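Starting from the known structure of chain U, arrange chain Y on it as the hints suggest.
Protein chains in written order, with my numbering: chain U, 1 to 169; chain Y, 170 to 392.
No lab work stands behind these hints, which were simulated from the structure alone. One or more of the hints may lead you astray.
[As the list claims (entries may be wrong)] Derived list of chain Y stretches under chain U, where covered just means 3 residues or more per stretch with a C-beta under 8 Å from a C-beta of chain U: (1) 202 to 212; (2) 320 to 327.
[Said to hold, decoys possible] These stretches of chain U come out as covered by chain Y in the derived footprint (C-beta under 8 Å, 3 or more residues): (3) 9 to 21; (4) 112 to 124.
[To be verified] Facing chain Y, according to a computed beta carbon distance under 7 Å, are these residues of chain U, among others: (5) W47; (6) R60; (7) R156.
Note that the coordinates shown come from a computational prediction; the quantities given were computed from them, not determined experimentally. Note that CB positions come from ideal geometry on N, CA and C, so glycine has one too.
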Amino acid sequence: MRIGRRAREFDEAVRTHSSALFRYAFWLCRDRGRAEDVVQEALMRAWKAWDDLEDPGATRSWLFSIVRNEHLRAFERKGLDIDDRGVEELDLPVDCRMDVAMDVRRALAAIPASLREPLVMQVLGGFTCAEIAAALDTTEGAIMTRLTRARQTLRRLMQGEVPLSEAAR
Amino acid sequence: MNCLEFRRETLADPGRPSEAARAHASQCAACSQFRAETLKLDEAIVAGISVPVPEGFGQRMARNARGPDVERRRRFMALAASLALGVGIGAGAYVWERDDPLARASIDFVVDEEVNAILTSKPSDFSALQSVARALNVQIPQVGEVRYIGTCPFQGTIAHHVVVMTEGGKATLLLLPDKAVGEKARASARGLRAVVAPARGGSVAIISGASDLARLEQIVNRS
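The following block holds chain U by itself, in its conformation from the complex (with noise of 0.2 Å):
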């Protein structure tokens, strides 16, 4: 019965949050494929340890600072570099390239990964400053700062103010 109990708590679980992993994954490496292995890496490891999770409250944040660590793991320590493609080229389904979010897709595509990542994480996560400082292991303000960088950014990009070829800069 104990094994039941704890499979379907982390189907919950998973059911839950797997949309918003989906999703911050994608951010991370901007592949479709690539963020569905490493969400089914991510899972695996938190099953694993899904025993070791003693505050339910916690689900979400420990879920996602697995994905990014799965991310890391699995992409950076082969040396890949940051991807720098536009959104044209990234493999989202051809519906969803054709949606009226198609100008801010191609903003956030735009901008800095140090930028983005809080920001999904904040936007997606719903993560506090806090929170967000912790998971990537950085201070509070440094956090507000790049929320502040990113959306405003964004907001130049999509009123057309800064070109997309400068917004990494």
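Relative to chain U, chain Y alone:
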């Protein structure tokens, strides 16, 4: 709090205004408007970040992540139940074989992901496929029209994905050079049947709802 402090705080986290920020916004129309615009920007960001999630993703992820323990236990219970009912060891083994996780995952791939894989993956050419097939010592069936050849992620490896239209209907082949299996495994679910056969250094999965699965299996397996 002054306007500059308000705007810094708002740009850092517009969804969680402090008491001081709320008080400031209630007194300053320009800053209140600034916060409204920033929240609108965040709505657009959410829409942009929310790329489509593969169909059945959560269920598949959970099943694959905890698969071995739970699946083995479930299969054991199924086997035990079969024995208790006097069906016999042969029937129990058959149930075990039908529930093979890799074969079942290949069915789920066809049902949940194949269309998306075709839309989003880069197609390959037949010669590239042939070289993979040669390495695995299998042959691509000449029993119908090859409709699609490409590569896609499958179970943590790269699968060489082939869609064939045979007289008996559509069939999918997944050439899995990095997925070695010890023996032939089967599954039957969601209106499809699948067999995963060992090949040299890897395996080949054949998934079809058609009646000619056994025939395809014979043709694909050269060895």
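A quick look at each hint next to the structure:
Counting residues of the region 202 to 212 of chain Y whose beta carbon lies closer than 8 Å to any beta carbon of chain U gives 3, which meets the minimum of three for the stated coverage. Counting residues of the region 320 to 327 of chain Y whose beta-carbon sits less than 8 Å from any beta-carbon of chain U gives 3, enough to reach three: the coverage restraint holds. With 6 residues having a beta carbon nearer than 8 Å to a beta carbon of chain Y, the region 9 to 21 of chain U meets the requirement of three or more and the stated coverage holds. Chain Y is given as covering the region 112 to 124 of chain U, and this holds because 5 residues of the stretch bring a CB closer than 8 Å to a CB of that chain, at least three being needed.
Nearest Cβ of chain Y to the Cβ of W47/U: about 4 Å, under the 7 Å cut. The hint holds. Look at R60/U: its Cβ only gets to about 14 Å from chain Y, farther than 7 Å, so that hint breaks. Contact between R156/U and chain Y, as hinted, is not supported at the beta carbon level, the nearest pair being about 11 Å apart and thus beyond 7 Å.
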